[in-house]
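Trainee: Take a look at the letters that make up each chain.
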Amino acid sequence: MENNNTNSVTLEQSDDLKKISDLFKELKDASKDLAKAKMAYAKTKGKETISRSTNQFKNSMYTAGKNFGLKLQENANKYQETRNEIDAIVAEYELSLNTLQGAYAQVSEQHQLKIQELNGKKDELLAEIHMTIDEREQFMQENLPDLINKTDPLKTEQKNIQDKAAEAIKNGDIEEARKLLDKCENIKNQITSLEKDFDNSQELVQIDKKWDDLSAEYKLTKYQIDEAQKIATQLEEEFSLNCDEALTHKQELLAKVEKNKMFDKIKGFLSRSVLKKVNSAQKFNKEVIEPAKKNVSEFSKSIPQKATKLKEQLKNGLSNVLGKGKEVVEMTKDKARQTKDFVVNKARDTRDVIDAKIQDVSEGISTTKDYISGKAYQTLDEAYEFGKRTKSKARNCAIDKLESTANRFNEKAQELRNKEQQINPNSINKNTQEQGLF
Amino acid sequence: MENELGILIFEGKMYNLDKMNSEELKELIIKMEKNYKKLEKEAEIRSGIYN
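Chains L and Y are the protein sequences, given in the same order.
According to the numbering used here, the first sequence is numbered sequentially starting from 95.
According to the numbering used here, the second sequence is numbered sequentially starting from 249.
Note that these hints are calculated values from the structure, not bench results.
Please read all numbers here as calculations on a predicted model, not as lab measurements.
Ideal placement from N, C-alpha and C gives every residue a C-beta, glycine not left out.
There could be a bad hint or two in this list.
Unchecked claim - The following label-pair restraints were derived from C-beta to C-beta distances:
#, chain 1, residue 1, chain 2, residue 2, range
1, Y, Glu290, L, Tyr317, 19 to 25 Å
2, Y, Ile257, L, Gly163, 55 to 61 Å
3, Y, Ile257, L, Glu297, 23 to 29 Å
4, Y, Asn269, L, Lys165, 29 to 35 Å
5, L, Asp320, Y, Lys279, 58 to 64 Å
6, Y, Asn264, L, Gly163, 17 to 23 Å
7, Y, Glu252, L, Asp123, 16 to 22 Å
8, L, Pro239, Y, Asn264, 54 to 60 Å
9, Y, Ile278, L, Leu207, 33 to 39 Å
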C-alpha cells in the first residue's frame, strides 16, 4: 500500500516535471521565433524606408525639372542625358541607404541575439527556482516525518499525562495533578524546541537563501530585458532620422527651386523674351543636378560614420542597461538585505512581543491553574464536607457536582491553551520567513 | 546571396518572414509577444513567482 502511494507520488512528480520541461522548451522556442520575427521586421522596415525615400527623391527631382520647364517623364531624347544623371544620383543615394540599412540590420540582429541570450538566462533562472522549490519539498518530505516521529510520541505522552492529571483532579489528588501538569509543561517545551530546530535547520535556511537569491536575479534579468527592448526603438528612430537627413537635403533643394521659380516669375514680367532664351536644361543642371550630386556625395561619405554611430548606440545602450543592471543588483541585494534585516528584527520584536504575551498568558494560565487547583480543592473539600453531611445518599450527587465543575475548569484551561497556540512564536516565525522570500 | 530568415510556424500557421511587409510583421510580433508573456507567466506561477 505504502509502495503504491510512493509510486503515485513519483508519477505525479514526474508528470509535473515533464510539464515544466515542455513549458521551458516552448518558452525557448517562442523567444527564438520572436527574435527572428523582430530581425525580419528591422530588415523589411529598413528596405521599405529606403524604397520610399528613393522614390520621393526621384520624384522631387522630376518635379524640380517640371518647375524648370523640363518634361523629364516624357520619353524625349533631348532629356535622356538629364534623366541618366538623375538616375545616377538616385542610384548613389539608394546605395548609401542600402549600406546604412545593412549596418542597421546587422546591429538589430546583434541586439535581438543579445535579448535572446538574456531571455535564455531568465528561463534558466526560472528553471532553477523551480528546482529549488522541488528541493525544498524534497527536504520537507524527507525530514518532516523524522520530526513527526520525534514529536508524535511526545504529543501522545503529553495527552496521556493530561488525562491522568484530569483523573487525579477528579480523584482529589491535587499534589499528583500538579506534578503531572509540570511534566506536561516540560514535554510541551521539548516539542516546541524540536519544531524550532527544524525551522532553523542549516539546510532549510540555505535552500531558502538560494530561492531568495535566484528570485532577485530573475527579477533583475527581466528588468534588463525590458530596458534592452527599448534600444530597438532607439535604433529604428536613429535609422529613420538618418534617412530623413537625406530627405532634408532634398527639401532644401526644392525650397531653393521654388524660390528661383518665384524669382523667375517676377523677372518674367520684365523681360519674358530674355528668359525664354535661357537654356532651361543648363539652368536645371546648375540649380538642381549639381547641388543634388554634391548632397548625395556628402551623404554617402557620412555613411560609415552613421553606421559606426548605430553600432556605438547599441554597444553603449546595452552596456548602460547591463551596468544599470549591476547597480540594480547591488540595490536589490541591499534592499533584500535591509528587508531581511528588517524582517529578522521585526520577527525578533514580534517574538519579544509574543514572548511577553506568552509570558503573560503563561502567568495567566499558572494563576488560572492555581485558581483551578484551589477552586477544585475547595470544591472537593466542599463536596467532601457535603458528602460527609449528606452521607452516602448524597455522595453521588457531590461527585457529579465536582465533575461538572472540573469539566468547566478544564474547558477554561483548554481555551487558554488554544490562545497560547494561536500566538505561538513558531508559526509567526514561519509566516515571516515565507513573506521574506518574495 | 542575402541571408534569408525563412519560414516561421506560429499557432498552426506558416509565415514566410522574407515575404511579409513591415505592418504584417508588426501584427505577428504583437501576437507572438502576447503568447510569450502568457507562457512566461505560466512558468513563473509554476515556479512560485506570483507577482
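Trainee: Would you mind marking each hint as holding or not holding in the structure?
Mentor: Hint check:
{"no.": "1", "hint": "Y:Glu290 - L:Tyr317: 19 to 25 Å", "result": "holds, 20 Å"}
{"no.": "2", "hint": "Y:Ile257 - L:Gly163: 55 to 61 Å", "result": "holds, 57 Å"}
{"no.": "3", "hint": "Y:Ile257 - L:Glu297: 23 to 29 Å", "result": "violated, 45 Å"}
{"no.": "4", "hint": "Y:Asn269 - L:Lys165: 29 to 35 Å", "result": "holds, 34 Å"}
{"no.": "5", "hint": "L:Asp320 - Y:Lys279: 58 to 64 Å", "result": "violated, 19 Å"}
{"no.": "6", "hint": "Y:Asn264 - L:Gly163: 17 to 23 Å", "result": "violated, 47 Å"}
{"no.": "7", "hint": "Y:Glu252 - L:Asp123: 16 to 22 Å", "result": "holds, 19 Å"}
{"no.": "8", "hint": "L:Pro239 - Y:Asn264: 54 to 60 Å", "result": "holds, 59 Å"}
{"no.": "9", "hint": "Y:Ile278 - L:Leu207: 33 to 39 Å", "result": "violated, 21 Å"}
In summary, the numbered hints that this structure violates are 3, 5, 6, 9.
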